[in-house]
Amino acid sequence: MIRNTAAQMADALAKGETTSVELTQAHLDRIAAVDGQVKAFLHVDSQGALAQAKDVDARRAKGEKLSPIAGIPLALKDVLAQKSVPTTAGSKILQGWLPPYDSTVVSKLKAAGVVIMGKTNMDEFAMGSSTENSGYGPTFNPWDLTRTPGGSSGGSAAAVSAFEAPLAIGSDTGGSIRQPAALTGIVGVRPTYGAVSRFGLIAYSSSLDQAGPFGRTVLDTALLHEVMAGHDVKDATSINAPVPAVVAAAKSGDVKGMKIGVIKQLQGEGYQKGVQTRFDESLQVLASLGAEIVEVDCPSFEYALAAYYLIAPSECSSNLARFDAMRYGLRTGDVDGASAEAVMSATRDAGFGREVKRRIILGTYALSSGYYDAYYGSAQKIRTLIIQDYAKAFTKADVLVSPTAPTTAYKIGEKVDDPMAMYLGDVATIPVNLAGICGMSLPAGLADEDNLPVGFQIMAPAMQDQRLYQVGAALEAALLTKWGAPILSKAPELKGAK
Amino acid sequence: MSSLSRDDVAKLAGLARIEMTEAELVELSSQFGLILDAVARVQEMDLSGVKATSHPQPLENIARPDVVLPSLSPEDALSGAPAQEESRFRVPQILGEAE
Numbered sequence: 001m002i003r004n005t006a007a008q009m010a011d012a013l014a015k016g017e018t019t020s021v022e023l024t025q026a027h028l029d030r031i032a033a034v035d036g037q038v039k040a041f042l043h044v045d046s047q048g049a050l051a052q053a054k055d056v057d058a059r060r061a062k063g064e065k066l067s068p069i070a071g072i073p074l075a076l077k078d079v080l081a082q083k084s085v086p087t088t089a090g091s092k093i094l095q096g097w098l099p100p101y102d103s104t105v106v107s108k109l110k111a112a113g114v115v116i117m118g119k120t121n122m123d124e125f126a127m128g129s130s131t132e133n134s135g136y137g138p139t140f141n142p143w144d145l146t147r148t149p150g151g152s153s154g155g156s157a158a159a160v161s162a163f164e165a166p167l168a169i170g171s172d173t174g175g176s177i178r179q180p181a182a183l184t185g186i187v188g189v190r191p192t193y194g195a196v197s198r199f200g201l202i203a204y205s206s207s208l209d210q211a212g213p214f215g216r217t218v219l220d221t222a223l224l225h226e227v228m229a230g231h232d233v234k235d236a237t238s239i240n241a242p243v244p245a246v247v248a249a250a251k252s253g254d255v256k257g258m259k260i261g262v263i264k265q266l267q268g269e270g271y272q273k274g275v276q277t278r279f280d281e282s283l284q285v286l287a288s289l290g291a292e293i294v295e296v297d298c299p300s301f302e303y304a305l306a307a308y309y310l311i312a313p314s315e316c317s318s319n320l321a322r323f324d325a326m327r328y329g330l331r332t333g334d335v336d337g338a339s340a341e342a343v344m345s346a347t348r349d350a351g352f353g354r355e356v357k358r359r360i361i362l363g364t365y366a367l368s369s370g371y372y373d374a375y376y377g378s379a380q381k382i383r384t385l386i387i388q389d390y391a392k393a394f395t396k397a398d399v400l401v402s403p404t405a406p407t408t409a410y411k412i413g414e415k416v417d418d419p420m421a422m423y424l425g426d427v428a429t430i431p432v433n434l435a436g437i438c439g440m441s442l443p444a445g446l447a448d449e450d451n452l453p454v455g456f457q458i459m460a461p462a463m464q465d466q467r468l469y470q471v472g473a474a475l476e477a478a479l480l481t482k483w484g485a486p487i488l489s490k491a492p493e494l495k496g497a498k
Numbered sequence: 001m002s003s004l005s006r007d008d009v010a011k012l013a014g015l016a017r018i019e020m021t022e023a024e025l026v027e028l029s030s031q032f033g034l035i036l037d038a039v040a041r042v043q044e045m046d047l048s049g050v051k052a053t054s055h056p057q058p059l060e061n062i063a064r065p066d067v068v069l070p071s072l073s074p075e076d077a078l079s080g081a082p083a084q085e086e087s088r089f090r091v092p093q094i095l096g097e098a099e
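Residue numbers (the working numbering), protein chains in the order written: chain A, 1 to 498; chain B, 1 to 99.
Take the hints with a grain of salt, since some may be wrong.
What the hints assert, rightly or not - Derived pair list, reagent style DSS-like, types lysine-lysine, alpha-carbon separation capped at 27 Å: (1) B:K51 / A:K264; (2) A:K251 / A:K482; (3) A:K108 / A:K251; (4) A:K273 / A:K411; (5) B:K51 / A:K396; (6) A:K65 / A:K251; (7) A:K92 / B:K11; (8) B:K51 / A:K392; (9) A:K108 / A:K62; (10) A:K110 / A:K65; (11) A:K273 / A:K415; (12) A:K234 / A:K108.
Claimed, not checked - Using C-beta positions, here's what the derived DEER-type ranges look like: (13) A:Y371 / B:V68: 43 to 49 Å; (14) A:G268 / B:S48: 28 to 34 Å; (15) B:A83 / A:S252: 54 to 60 Å.
These aren't lab readings, by the way, just hints derived from the structure by calculation.
Since this is a predicted model, take the numbers as computed values, not measurements.
All residues carry an ideal CB built from backbone N, CA and C; glycine is no exception.
Work the whole structure out from these sequences, hints included.
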């Protein structure tokens with residue numbers, strides 16, 4: 001049952017072949033069996049999940065009209081506030097915090113009858129690409145437990161990949177949904193900036209952050225996308241427009257006559273051979289389906305990584321000032337006579353991990369007087385050039401494509417002491433965030449040299465998210481025919497699994 | 001190559017209100033050269049006449065209707081407080097006699 005797609009599960013629920021309680025219990029059992037090895041979850045809310053499931057079953061029995069994914073269990077990245085459920089953003093500074101409110105994403109999930117099973121592991125405050133920066137230890141890639149699942153939404157991606165949940169939610173500031181989706185062999189979408197409310201999403205870099213869906217298929221991902229997106233008055237950057245028709249697009253999946261642009265700067269040198277091979281093959285598949293492949297030039301992308309690692313740390317140094325030990329979260333050093341400033345400094349030392357401190361210090365430097373124009377100011381101008389490059393490229397193509405990440409999953413510990421090597425893994429995903437557009441990663445097969453999943457990235461203009469699903473569904477269907485079975489059937493069985 | 005001395009890092013850590021151990025200051029200072037070299041690449045392009053983008057959305061002055069909506073009760077607002085007194089956040093001394 002747990003190996004079915006969310007769409008199949010929803011169908012079985014609608015036909016009365018199973019109940020949400022049964023489905024939820026099956027997933028909780030799977031979590032109990034395998035999460036000791038995968039460590040995707042920071043908190044499993046079994047009781048709360050079963051209560052939600054029971055409620056949906058009762059509503060269904062009464063004949064209420066329910067959302068298409070009502071009763072389906074889901075794993076939630078720990079960066080989203082859920083009322084009275086521990087929410088830490090992977091940081092010790094928030095250990096034990098119980099939010100007194102729901103994020104808008106959680107409110108929407110609850111309204112849609114989606115069953116939230118628990119909170120998933122992540123790099124602290126979403127700063128990282130391997131989930132190793134979590135204050136609570138790393139998550140392990142279900143494909144090979146000695147490797148990282150990517151990050152920062154590594155827990156959510158690993159949970160879906162390991163059949164602990166059919167659906168999950170992540171957040172993507174520089175690739176944190178798409179890159180872990182690629183490294184674990186699943187589908188992940190970063191919606192257009194402003195398409196999903198950021199209310200209750202613990203902020204890392206406000207002009208780049210966006211929550212989005214994970215699933216094992218393009219259609220499952222679309223079903224969740226449709227439920228979580230939409231305008232919200234509680235988020236001033238929320239787009240007041242209808243949600244793009246992503247489910248319809250995922251069901252049609254036709255690329256005949258579409259123009260698909262390959263970004264010259266995001267391939268070739270620096271990309272693992274097996275990654276490039278699977279990418280090139282996927283292009284041929286799309287061409288065989290009637291798409292026209294063109295090459296586009298985005299010269300400023302060469303500077304995207306540098307711009308990102310100035311803009312994001314600058315915004316984070318400001319956003320994380322709220323962790324001041326005064327109103328919630330950790331407080332240490334509050335001895336008689338200690339000043340507020342001393343307590344704040346001691347608490348932030350004890351509560352923040354190495355990468356968070358590194359980025360706060362880098363951001364403080366980039367924003368300090370004398371350096372502001374040279375660093376943060378220049379980065380903001382590069383951002384303009386990247387937006388212009390995309391605008392030009394989208395006059396030549398309906399969607400743009402690239403490998404999602406330059407390599408497959410790497411070993412735990414391999415890059416943790418080399419921040420620059422880690423940052424390079426985000427080179428292909430970051431431009432989407434800087435421009436505020438949308439992107440998807442879906443499995444393109446396994447790299448020949450290591451038998452690990454490779455991600456294929458699709459990018460579309462702002463609020464044209466349906467194009468991602470249209471192209472993604474077409475490629476997914478053609479690859480499935482070619483492979484004969486879904487990619488996850490090739491993943492090794494986890495110990496303890498029934 | 002760019003660099004940032006141990007004392008530079010200590011000054012920034014002070015501005016950011018993060019107490020750091022000597023080992024942390026030294027480690028960060030040793031890593032910063034490489035990171036600064038990498039991010040300084042933003043200065044390689046000719047950016048004269050290019051406008052800065054602070055935000056991907058062309059939105060300005062977004063306001064919601066001025067209607068009273070439910071908000072947190074004092075109990076809920078204080079539920080995560082490290083310390084409280086008389087329905088208020090109790091915080092360490094901010095002003096007053098110098099020590």
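Against the structure, the hints come out as follows:
no. : hint                       : result
1   : B:K51 / A:K264             : holds, 25 Å
2   : A:K251 / A:K482            : holds, 19 Å
3   : A:K108 / A:K251            : holds, 23 Å
4   : A:K273 / A:K411            : holds, 18 Å
5   : B:K51 / A:K396             : holds, 24 Å
6   : A:K65 / A:K251             : holds, 22 Å
7   : A:K92 / B:K11              : holds, 24 Å
8   : B:K51 / A:K392             : holds, 17 Å
9   : A:K108 / A:K62             : holds, 21 Å
10  : A:K110 / A:K65             : holds, 14 Å
11  : A:K273 / A:K415            : holds, 20 Å
12  : A:K234 / A:K108            : holds, 13 Å
13  : A:Y371 / B:V68: 43 to 49 Å : holds, 44 Å
14  : A:G268 / B:S48: 28 to 34 Å : holds, 31 Å
15  : B:A83 / A:S252: 54 to 60 Å : holds, 57 Å
No hint from the list above goes unmet by this structure.
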